[in-house]
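Asker: Now for the letters of each chain:
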Amino acid sequence: RKGALGKLGSRSRMEAPELSIERNTPGSGGGGSINRAVELTGDLRRLQESVEQLDAGQLQTNVQQLALSVQSITDKLQATLSLLCAAPAAPAPNSSAGTAVPGQVSATSTPAGVAVRSRINKMSAEVVDSNPYSRLMALQRMGIVKDYERIRDKTVAIVGMGGVGSVAAEMLTRCGIGRLLMYDYDKVELANMNRLFFRPEQCGMTKTDAAAQTLSGINPDVELESYTMNITTVQGFEAFMASLVDATTGQSRVDLVLSCVDNFEARITINQVCLELEQVWMESGVSEDAVSGHIQLLIPGETACFSCVPPLVVASGIDERTLKREGVCAASLPTTMGITAGLLVQNALKHMLDFGHVSRYLGYNALKDFFPTMEIKPNVTCSNSHCVALQGVVMLRKQTPEAVAAARAKLEEELRVEAEVPVHDTNDWGIQVMPEPAETSSIPQGDSSTEKGMGQQLAAGLEFSMPAQQAVSAATLQAEGVGEIETGVDDLMAQLSALNRK
Amino acid sequence: MAESFDAGTRERVQKLALMRCNAGPRDKGAWETRLKEELTALIQYIQLNKETDMDWFTIEPRNGGLGWAGKCWYIHNLIKYEFDFQFEIPATYPLTAPEIELPELEGKTAKMYRGGKICLTIHFKPLWAKNSPHFGIAHALCLGLAPWLAAEVPYMVEAGVIAPKV
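Heads up: the sequence lines are chains F and V, in that order. Under the working numbering, the first residue of the first sequence is numbered 1, with each subsequent residue one higher. Under the working numbering, the first residue of the second sequence is numbered 1, with each subsequent residue one higher.
Hints are supplied without guarantee of correctness; some may be wrong.
Claimed, not checked - With a straight-line Cα cutoff of 25 Å, these simulated SDA-like cross-link-like pairs (lysine to any residue) come out:
#1 V:K130 to F:Q48
#2 V:K125 to F:A331
#3 V:K71 to V:K28
#4 V:K130 to F:C203
#5 V:K108 to F:G488
#6 V:K15 to V:T33
#7 V:K130 to F:S497
#8 V:K111 to F:V472
#9 V:K50 to F:E480
#10 V:K71 to F:R501
#11 V:K117 to F:G488
#12 V:K108 to F:D186
#13 V:K28 to F:A331
#14 V:K125 to F:A475
#15 V:K111 to F:L492
#16 V:K117 to F:M205
#17 F:K187 to F:Q48
#18 V:K125 to F:R501
#19 F:K187 to V:C119
#20 V:K125 to F:Q48
#21 V:K15 to F:L492
#22 V:K71 to F:M493
#23 V:K80 to F:E484
#24 V:K80 to V:L105
#25 V:K28 to F:Q48
#26 V:K125 to F:V309
#27 V:K125 to F:V472
#28 F:K187 to V:K15
#29 V:K108 to F:M493
#30 V:K125 to F:C203
These aren't lab readings, by the way, just hints derived from the structure by calculation. Every value quoted in this text rests on a predicted model; they were computed, and no experiment measured them.
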């Protein structure tokens, strides 16, 4: 219907794009309607942008008229789509837990992906071109995964939808994950175009909305939840924790949290939330120079938490003056980010579907093609009290008769698989393998034992790498610390106010 | 910004009282003690500034100390440039430092993130991490905001993107 927007105030600088909605003429075919639907979505977005440029004075009237037009367009869009699919394409649920951006016309349409296929209730292993899961289900016949369809029951939370997070989300979506929770407060920008996933026409959208749009189109079977929020504030922290928890049981409702953020503060926040929820999570990171990346598995109480091992510059006592870096913008490559996301999701799949070896730490050095792996045990003197408490809990849990029996059974199973083929036919030298001595308690990383008198004994030739001297010793604190305060909070606030006025 | 803190900053920060109570905004009871320590240190810092004729900011708590806001200024070529600033206390404070914002300057310099969050020198975070949890808001202002103003205001004035408030 042309001219639906022609009545908008003449003072507005908006040019009303022509929106003519054709009927499905016979013979135009399903493909034509899909293109029309895509075009309409594009028009909707351009409309939204145009609205944002309107004069403030006219805004109210324009908004109302626009809302009406948008509603009628949305209705027609859904009508068109329902003609194509058995089930109508459901727009991605958008549960923003953060504050809404003022001035944004959210109207009645959240950007919805145009689903090209209808939803599938049960994964089929049938090998036909029309089965999106055929190649995944084939993993079963290959003997790699048992019961691949379990992935439909899994929920993964991805914090950070940047270069690594968005790619990870796409990978999990294409694998048919049951539910994805996506967190980011940023918007798509042209500066992001050097990485995978987001497209230029999505610039200006929030990363969570853009991701939901793309992913719902790729696989409508995945439940998507978008959270446009900053998790590091007190409010955000609580909202983040609440979103991960099942309201009825009070326990976490996600199987895995993937940290794909780019700063220390967010990682510490995720670490804290996961410790409090006893939630297994994986952390990923890419260096500022774009040529290395890593992934880590963190099991509260069992592996090191993110606070167990202090940042390198603190532990090694490097004088921060030696750090040389001009400018504020980190470099990134789509290759490194794609590889890191791939390693992350691969590890996540192995963990969730119980196949292969789940690496506790896997690094990637692009310049040398070096992939170091290691395990980091928890720090018994970790500065985070939750971590220390959980270490005790996990240790006790491992010592219960059931746990010991289960561990022995697992070991026997592994040995049985190994022993099926003899490694050597002869043993001329009579070599025997002796059983390993029982494991003693773990050696903590970064322990300032001399200061704290922990009394951890090290074998000859080893020493702790953490400087024994803490930056602020007890003596310094006594001398330079703020003393006992008698005054109340309100009085102090009043004093501060008084100073501000003088 | 690759140089370390100048002698004046280093001398000033040593006069600031260290925090003793390791508590963040989520530690119900202990947070009040920490809040009192923060306020005390800030009061001392401002008084010190006034005594030495180096008064450069005002600050007030909001929302029970979960957020803070104030004004800061910098004098360049005998002209005073004043800006509003604000920040929230992160949930994992004091392990993580607050991110100070100057919303009115967003986009005027590259040394700034979205929302007007100032980009701190490469030295700030390691120094904070080394001294955590004994650094507080006063230290964040002294080591974070002050050097940023000293570096960025002259640059922005030369570039013509800011003007003094009349």
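Asker: Now tell me if each hint is right for this structure.
Answerer: Do the hints match the structure? See the list:
no. : hint             : in the structure
1   : V:K130 to F:Q48  : violated (48 Å)
2   : V:K125 to F:A331 : holds (20 Å)
3   : V:K71 to V:K28   : violated (29 Å)
4   : V:K130 to F:C203 : violated (39 Å)
5   : V:K108 to F:G488 : violated (41 Å)
6   : V:K15 to V:T33   : holds (21 Å)
7   : V:K130 to F:S497 : violated (31 Å)
8   : V:K111 to F:V472 : violated (30 Å)
9   : V:K50 to F:E480  : holds (21 Å)
10  : V:K71 to F:R501  : holds (12 Å)
11  : V:K117 to F:G488 : violated (32 Å)
12  : V:K108 to F:D186 : holds (19 Å)
13  : V:K28 to F:A331  : violated (41 Å)
14  : V:K125 to F:A475 : holds (24 Å)
15  : V:K111 to F:L492 : violated (34 Å)
16  : V:K117 to F:M205 : holds (21 Å)
17  : F:K187 to F:Q48  : holds (15 Å)
18  : V:K125 to F:R501 : violated (32 Å)
19  : F:K187 to V:C119 : holds (19 Å)
20  : V:K125 to F:Q48  : violated (40 Å)
21  : V:K15 to F:L492  : holds (20 Å)
22  : V:K71 to F:M493  : holds (16 Å)
23  : V:K80 to F:E484  : violated (37 Å)
24  : V:K80 to V:L105  : holds (16 Å)
25  : V:K28 to F:Q48   : violated (44 Å)
26  : V:K125 to F:V309 : holds (16 Å)
27  : V:K125 to F:V472 : holds (16 Å)
28  : F:K187 to V:K15  : violated (42 Å)
29  : V:K108 to F:M493 : violated (33 Å)
30  : V:K125 to F:C203 : violated (31 Å)
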